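Make the complex out of the two chains shown on their own, each in a separate frame, by following the hints.
Sequence lines, in order, name chains A and B.
In case it helps, our numbering puts the first sequence at residues 335 to 485.
In case it helps, our numbering puts the second sequence at residues 4 to 138.
Hints may contain errors.
Stated by the list, open to error - Calculated lysine-lysine pairs in the DSS-like style (CA-CA distance at most 30 angstroms, straight line): (1) B:25 x B:117; (2) A:472 x B:25; (3) B:28 x A:406; (4) A:402 x B:25; (5) B:38 x A:397; (6) B:116 x A:360; (7) A:406 x B:117; (8) B:96 x A:424.
Unchecked claim - Examples of chain A residues toward chain B, derived with CB under 7 angstroms: (9) 335; (10) 345; (11) 348; (12) 352; (13) 356; (14) 358; (15) 359; (16) 362; (17) 363; (18) 409; (19) 411; (20) 467.
Read the hints as simulated data drawn from the structure, not as lab findings.
Source: prediction; values computed, not measured.
Where a beta carbon is used, it is the ideal one built from N, C-alpha and C, also for glycine.
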Amino acid sequence: MWEATFYFFILIFIPCLFFYLSLRVKNDHIFTEKCMSSNQFLNVSLKYTGFSIFVDKNFLLSKLDLFKKISKTIEPCIFVDVSNNNIYRKTDERIIDELQINVLPSILYIKNGVKKEEISNFMEFNGLSDSEIIEHVKLRIERTKQIVSSH
Amino acid sequence: MLALIKLFCIILGIFYLKNSIKKIKNPYLFAIVLKEYSMPEKLVLRVIAPILIVVEMLLSLLLLSNFSMMSILLVGTGLQAFYISLIFKNMNKSFSNVCNCFPLQVPQKATTKKLLQNLFLFVFFVLIYGLSIRM
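Okay, chain B solo, but in the shape it has when bound (with noise of 0.2 angstroms):
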């Protein structure tokens, strides 16, 4: 069992690291696409995207390393719970999105389905933490 919860990590870590590597490549996009889904651009251009990403690769890192479940729930959490609320908010809204690079957590129309593949990946961390303590 605690194989196959390292297994998921590595996988997810993946899946963070390919997404960051890819905003890092391209940040100024990442931001405009956030300003988009109604944030104020100074806060987004300044603060909000550089943190997203650099979370994002720390989440990333940590999947990887797995040496602490506490700090993948914190952060993982943490960061998913940011994108299903910016998501919530912006329900059924579609947005010109310049080139729909960030499909999952920023998606050019914001549905119920993203917002559900979201909220899977926030009850996933929930899950591997609550397995790996009883462990």
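So here's chain A without its partners, still in its complex pose (with noise of 0.2 angstroms):
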């Protein structure tokens, strides 16, 4: 009797969780693609106003769940990979310069290609879970928001 449970919950579950793992491989690699290199950003930099994560790739895909969560509170926002080891060191390093960049990652308001505020980087959230993070990181939104709008 009990055998016959056990399999009848693989045969329903295994299945179950392949198409879930399946679904969500394909929308995390939709939403790391997304990701834009600094080349990329310099050449839409100048039209673009909003907020932007500069991000190591790597530290981005390990902390994939916290990013989609992040760029679900600041949308719209685009991510650039400013990592540093890539083909596009130069620009990397050209980015950051003129950005200021200190911590990687790093939330910048943009206006036209010249940061306006850094809403946080994430040296501060040190030893904050992920949902206190994106607390922090809403209330940051909502004041620069208001800073923006009374310009």
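Structural data, given as structure tokens:
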């Protein structure tokens, strides 16, 4: 009896798990593909006004869930990979210098390619849980929106 | 002896369950690491990575339930044979490997030590099956 129940459970659970994982891998792939290189950012930055997250792509991959939640919180925003270890190393360095980014990842408010406001860098979030980080980011985004609209 | 085999199965079941939960939490990261082991990207993302995680979960459930030693042997040796061939094919290669989150099966550097660890698990599955049918 127990054995039959167990195999019945396996028969239902395993295909469901497979479809869930396939879907999740596909969605995560689409999400990470949106992360542009520093070269692509330079091409669009002059026309772009809004929030940008400058991040090391490896860090983005290891904290994917957190960044997905953050991107939902501050829509629209763009992700820029400035990991400094790819073929765009010089452009990465240039962007880091121009936008005075001290810590990766950093969330900035950009207006036509010029840094207007640093929302936060992740150094401040050391030791905080994901939900606490999102709460902090939400508060700061609201504050920045008020500052920007008052200007 | 039978109790000892069951104990080993439970220990191994917990080990594989822990590993598969780690992969379920971030399946894309596992797929990226697998891709570095010179595997075709599309196939890894669509099929191989989800299947490997599912098989690992299945193996852990089989080991914990301990209903069929034959299923444990087939699934266990199959899974380990895949990882052994993967490490063997990429022997002594180093990978940038985002976080080294899965050090046993897809390590940052494919070394003889890692190969032997996986081979040990492969042999272990054969051994517990052999012992269980003798009981």
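Okay, the hints, checked on the actual structure:
no.	hint	verdict
1	B:25 x B:117	holds, 19 angstroms
2	A:472 x B:25	holds, 29 angstroms
3	B:28 x A:406	holds, 19 angstroms
4	A:402 x B:25	holds, 18 angstroms
5	B:38 x A:397	holds, 19 angstroms
6	B:116 x A:360	violated, 33 angstroms
7	A:406 x B:117	violated, 40 angstroms
8	B:96 x A:424	holds, 28 angstroms
9	335	violated, 12 angstroms
10	345	violated, 11 angstroms
11	348	holds, 6 angstroms
12	352	holds, 5 angstroms
13	356	holds, 5 angstroms
14	358	holds, 6 angstroms
15	359	holds, 5 angstroms
16	362	holds, 4 angstroms
17	363	holds, 6 angstroms
18	409	violated, 21 angstroms
19	411	violated, 20 angstroms
20	467	violated, 17 angstroms
The structure does not agree with the numbered hints 6, 7, 9, 10, 18, 19 and 20 stated previously, though it agrees with the rest.
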